[in-house]
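Colleague: Okay, here's what each chain looks like letter by letter:
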Amino acid sequence: MTLNSKIPDGPIEKKWDNHRFNMKLVNPANKLKYHVVVVGTGLAGASAAASLAELGYQVTALCYHESPRRAHSIAAQGGINAPKNYPNDGDSIWRLFYDTVKGGDYRAREANVYRLAQVSNNIIDQCVAQGVPFAREYGGLLDNRSFGGAQVSRTFYARGQTGQQLLLGAYAALSRQIGLGNIKFYDRREMLDLVVIDGQARGIVARNMVTGKMESYLGDAVILATGGYGNVFFLSTNAMMCNATATWRAHKRGAFFGNPCFTQIHPTCIPLSSDHQSKLTLMSESLRNSGRIWVPKAKGDKRHPNDIPEEERDYYLERLYPSFGNLVPRDVASRRAKEMCDKGHGVGATGLAVYLDFSTTIKRLGKKWVEEQYGNLFDMYKQITGEDGYQQPMRIYPAVHYTMGGLWVDYNLMSTIPGLFVLGEANFSDHGANRLGASALMQGLADGYFVIPYTMGDYLASNKFSKVDTNHGAFKDVERDLDSMTKKLMSIKGKKPVDEIHKELGKIMWDKCGMGRNEARLKEALQEIPKLREEFWNNVTITGSADSFNQELEKAHRLADFLELGELMCHDALQREESCGGHFREEHQTEEGEAKRNDEKFAFVAAWEYKGAGNAATLHKEPLTFEYVKPSQRSYK
Amino acid sequence: MSEQTMNLKLKIWRQKDKNSKGQFVTYAMPGVSPDMSFLEMLDLLNLKLVRNGEEAVAFDHDCREGICGTCSMFINGRAHGPLKGITACQLHMRTFTDGETIVIEPWRAKAFPIIKDLVVDRSAFERIMQAGGFVSVRTGGAPDGNAIPISKAVADEAMDAAACIGCGACVAACKNGSAMLFVSAKVSQLALLPQGYAERKTRVEAMVAQMDAEGFGNCSNTYACEAECPKMISVEHIARLNREYVRAKLV
Chain A
5 MTLNSKIPDG PIEKKWDNHR FNMKLVNPAN KLKYHVVVVG TGLAGASAAA
55 SLAELGYQVT ALCYHESPRR AHSIAAQGGI NAPKNYPNDG DSIWRLFYDT
105 VKGGDYRARE ANVYRLAQVS NNIIDQCVAQ GVPFAREYGG LLDNRSFGGA
155 QVSRTFYARG QTGQQLLLGA YAALSRQIGL GNIKFYDRRE MLDLVVIDGQ
205 ARGIVARNMV TGKMESYLGD AVILATGGYG NVFFLSTNAM MCNATATWRA
255 HKRGAFFGNP CFTQIHPTCI PLSSDHQSKL TLMSESLRNS GRIWVPKAKG
305 DKRHPNDIPE EERDYYLERL YPSFGNLVPR DVASRRAKEM CDKGHGVGAT
355 GLAVYLDFST TIKRLGKKWV EEQYGNLFDM YKQITGEDGY QQPMRIYPAV
405 HYTMGGLWVD YNLMSTIPGL FVLGEANFSD HGANRLGASA LMQGLADGYF
455 VIPYTMGDYL ASNKFSKVDT NHGAFKDVER DLDSMTKKLM SIKGKKPVDE
505 IHKELGKIMW DKCGMGRNEA RLKEALQEIP KLREEFWNNV TITGSADSFN
555 QELEKAHRLA DFLELGELMC HDALQREESC GGHFREEHQT EEGEAKRNDE
605 KFAFVAAWEY KGAGNAATLH KEPLTFEYVK PSQRSYK
Chain B
41 MSEQTMNLKL KIWRQKDKNS KGQFVTYAMP GVSPDMSFLE MLDLLNLKLV
91 RNGEEAVAFD HDCREGICGT CSMFINGRAH GPLKGITACQ LHMRTFTDGE
141 TIVIEPWRAK AFPIIKDLVV DRSAFERIMQ AGGFVSVRTG GAPDGNAIPI
191 SKAVADEAMD AAACIGCGAC VAACKNGSAM LFVSAKVSQL ALLPQGYAER
241 KTRVEAMVAQ MDAEGFGNCS NTYACEAECP KMISVEHIAR LNREYVRAKL
291 V
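Chains as they are written, first to last, in the working numbering: chain A, 5 to 641; chain B, 41 to 291.
Calculated from the structure, these hints are not laboratory results. Only a predicted model underlies this, so the values are computations on that prediction, with no experimental measurement involved. Fair warning: there could be bad hints in the mix.
Unchecked claim - Subject to a maximum C-alpha distance of 20 Å in a straight line, what follows is the list of computed PhoX-like cross-link-like pairs (lysine-lysine):
#1 A/LYS217 / A/LYS492
#2 A/LYS106 / A/LYS480
#3 A/LYS217 / B/LYS241
#4 B/LYS58 / A/LYS217
#5 A/LYS491 / A/LYS217
#6 A/LYS386 / B/LYS124
#7 A/LYS303 / A/LYS347
#8 B/LYS88 / A/LYS507
#9 B/LYS56 / B/LYS124
#10 B/LYS241 / B/LYS192
#11 B/LYS150 / B/LYS61
#12 A/LYS217 / A/LYS480
#13 A/LYS535 / A/LYS499
#14 B/LYS88 / A/LYS497
#15 A/LYS497 / A/LYS480
#16 A/LYS497 / A/LYS511
#17 A/LYS499 / B/LYS88
#18 B/LYS88 / A/LYS500
#19 B/LYS51 / B/LYS61
#20 A/LYS106 / A/LYS600
#21 A/LYS386 / A/LYS371
Please build the complete structure, drawing on both the sequences and the hints.
Modeller: Given below as structure tokens:
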């Protein structure tokens with residue numbers, strides 16, 4: 005099969021407009037005859053379900069939470085980008101497009117990114133109309149702030165809770181359509197497989213998480229908006245339930261997986277305190293504006309940080325990057341922190357942390373100023389660590405935060421399975437090898453509000469659908485297979501709880517496919533993961549029963565998929581013999597230790613095709629061309 | 041960071057499903073690090089239970105950052121535990137002392153039936169939102185975001201109300217099981233903003249009617265809801281809801 009990205013012809017600023025005109029429409033009376041199943045109701049899923057229902061399509065929406073308002077979109081703090089140019093500082097659609105392609109280290113599709121920049125302005129208008137309480141200036145107009153990776157102020161925000169407020173906006177639109185009877189909504193349902201009939205995605209089978217029953221949902225098309233797979237690392241800033249099951253099982257039904265190795269590691273997280281830790285907490289990157297990062301010059305120095313004299317501290321970012329200092333991009337800051345710890349300079353009980361020190365700023369501007377700027381973050385730090393960041397340096401360490409990879413989609417957001425569309429973080433997305441801050445909310449809502457309502461209509465109007473119901477053999481087969489898979493999991497009755505094996509997988513992934521990757525370690529991981537997978541299938545233990553509410557069983561299904569996805573991530577990282585964005589291959593760096601891209605050989609999207617259990621996945625390449633933003637090497641010296 | 045661990049006793053509500061009778065079960069819980077979060081302490085308990093072939097304690101949780109509103113438990117008689125302005129997932133074990141007995145219960149309210157152990161069904165909140173917790177705008181066609189200026193003070197107050205995470209602590213803390221703080225937070229947010237003006241009347245009527253239909257109790261102004269709200273939503277929003285309701289009925 006050949007990959008067709010279906011990028012429309014014409015100059016980049018006209019592509020989307022032309023395409024919208026050329027796409028087929030479904031006439032208003034006929035929309036009611038079509039039925040779309042939406043899986044996942046975070047920003048992308050809720051906005052898609054609501055917008056499609058408003059148009060008149062029949063929609064079924066499902067999520068594994070008890071309410072769409074719990075989706076992890078809610079945790080995004082910083083903001084959402086749009087080039088409104090309200091501050092009059094020279095912003096434009098073109099500049100947002102340029103920043104995003106460059107920030108992604110030239111591994112994103114130009115046409116998609118341009119469309120994203122184009123529709124982002126509409127998102128702000130839409131959200132304001134919904135009653136999203138964005139921050140405002142005294143004159144009553146919307147406020148903007150600056151954010152990493154941009155020289156203009158284009159980030160709209162609602163205190164530190166922008167994701168929450170945007171999600172509540174989409175949730176309100178979704179709730180309205182549910183109340184009107186245009187959307188049938190099912191909570192506490194987890195999709196466990198995709199149903200393909202006559203080569204078309206025609207529905208899903210989900211587990212009712214309260215009764216344990218496998219339930220079939222039929223549609224003429226299926227949308228997956230099921231988020232990212234950062235939890236393959238066990239520890240990440242993702243919510244506990246975030247998982248790859250929906251996308252992975254769709255992959256096994258024929259959807260190619262794009263750039264699985266592209267993961268983003270965020271530099272300013274609160275470090276691990278013990279083996280019992282369940283997740284990592286992010287602190288806003290803005291802390292790096294006023295804090296200085298350092299480690300002791302002496303290896304294994306166990307003195308209290310306040311007892312280490314100035315001349316015995318290594319402010320390594322300021323030393324290595326005199327012009328950017330502590331403000332180097334996320335990937336650089338993260339990698340250098342890891343390097344310092346690997347060399348034995350790490351601090352704290354685990355030795356896996358570096359100091360973020362505010363004493364210079366406190367001396368210069370006073371504690372009160374720091375409190376006003378960052379008070380809530382210092383409170384949060386104290387709540388978690390019990391330490392006072394004003395009295396002694398904070399300890400920080402990088403953590404897995406976002407996955408740029410995901411199911412491969414064409415310009416219409418359709419996967420390689422006809423009728424299966426993938427939105428938001430779940431697709432391989434517009435962020436290339438590195439996502440800029442305040443861009444995830446933008447992409448999720450762009451996909452849901454402003455792209456899928458058009459491309460879905462085109463798909464439905466252009467295809468014929470055989471008349472089937474959920475008694476069709478394909479649904480029954482999948483239900484039966486899932487029941488027997490569940491029965492098998494329950495019957496293993498081994499010695500290890502799910503979380504214990506998940507932690508072991510996380511450690512392999514973090515050590516060998518994390519911030520720094522090399523051939524030898526990736527090959528080790530490729531030996532270890534299949535062994536761990538085998539242990540899982542022989543030695544996991546799940547208590548409770550399959551026909552009731554059972555969180556251990558839920559986790560087991562998710563881990564079964566992480567154990568396969570992790571392996572593909574390592575294969576992808578191994579084949580990509582270059583460093584770009586969040587993917588750093590230690591063999592490919594400059595003399596100063598910076599990422600070295602190889603545009604000649606690796607300017608492509610890696611799209612992996614599943615070839616059955618035990619067989620190696622096949623790599624397909626979608627070449628990337630850069631007509632408008634010419635690739636250059638990044639430098640922060 | 042502390043080296044010492046604590047020995048605790050946990051009294052946890054166990055209930056097989058909605059229709060079964062529940063009971064407290066006591067667990068000895070040694071080796072608790074003060075640096076653990078409360079939910080990590082429960083993770084540790086569950087690991088031990090599963091290793092012993094006993095069923096894990098079911099509890100709702102997700103983001104573990106205090107924003108998703110999923111976690112929902114009564115800890116020593118307090119919604120989300122003893123500290124002010126945080127959710128259960130933000131509570132750390134250093135708040136407790138060695139040797140202490142901790143009582144853990146689900147939200148108790150008529151409108152929130154128990155699904156299992158500490159997990160309750162809060163879908164009543166969903167139906168209230170579906171009745172009117174929105175501005176009826178469809179995607180597309182919205183005017184420019186700056187077309188209607190909104191004073192900073194009003195926008196800030198709307199944001200205070202919008203900070204509600206829908207966890208249900210207000211209902212659980214209220215002796216009447218009233219949902220007034222939850223409902224008022226949404227009514228207030230949208231009554232304050234010009235975008236919500238057009239539907240002020242129908243919104244408050246529909247949401248209050250649904251609230252009553254779900255079996256939530258009446259508000260008797262004890263303010264337990266405000267005291268236990270992890271986002272410290274003010275009861276002033278209840279006052280605004282009442283004004284909106286009277287206005288809707290009179291005008």
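Colleague: Are the Cα positions of A/LYS303 and A/LYS347 separated by 20 Å at most?
Modeller: holds, 8 Å
Colleague: For the pair supplied as a hint, A/LYS386 and B/LYS124, is the alpha-carbon distance within the 20 Å limit?
Modeller: Given pair A/LYS386, B/LYS124 holds - Cα atoms ~15 Å apart, limit 20 Å.
Colleague: Is the hinted pair A/LYS106 and A/LYS480 satisfied, with a Cα-Cα distance of at most 20 Å?
Modeller: violated, 47 Å
Colleague: Check whether the Cα positions of B/LYS88 and A/LYS497 lie no farther apart than 20 Å.
Modeller: Holds - the C-alpha atoms of A/LYS497 and B/LYS88 are around 15 Å apart, at most 20 Å.
Colleague: Just to be careful, I want the Cα atoms of A/LYS217 and A/LYS492 compared with a cutoff of 20 Å; is the pair within it?
Modeller: Holds: A/LYS217 and A/LYS492 sit about 16 Å apart, inside 20 Å.
Colleague: Has the given pair, A/LYS217 with A/LYS480, been kept, meaning a C-alpha gap of at most 20 Å?
Modeller: holds, 13 Å
Colleague: Does A/LYS500 sit within 20 Å of B/LYS88, going by the straight-line distance between their CA atoms?
Modeller: Holds: B/LYS88 and A/LYS500 sit about 11 Å apart, inside 20 Å.
Colleague: Measure nothing beyond the straight line between the CA atoms of A/LYS535 and A/LYS499; if it is 20 Å or shorter, mark the hint as holding.
Modeller: holds, 16 Å
Colleague: Below or equal to 20 Å on CA atoms is what counts here, so check B/LYS150 against B/LYS61.
Modeller: holds, 15 Å
Colleague: Check the hint pairing B/LYS51 with B/LYS61 against an upper bound of 20 Å on the C-alpha distance.
Modeller: holds, 16 Å
Colleague: Next pair to validate is A/LYS106 with A/LYS600; report whether the Cα-Cα distance is within 20 Å.
Modeller: holds, 14 Å
Colleague: B/LYS241 and B/LYS192 were given as a pair; does the straight-line alpha-carbon distance stay at or below 20 Å?
Modeller: At roughly 24 Å apart (the allowed maximum being 20 Å), B/LYS192 and B/LYS241 break the hint.
Hints 2, 3, 9, 10, 15 and 16 from the list above are not met by this structure, while the remaining hints are.
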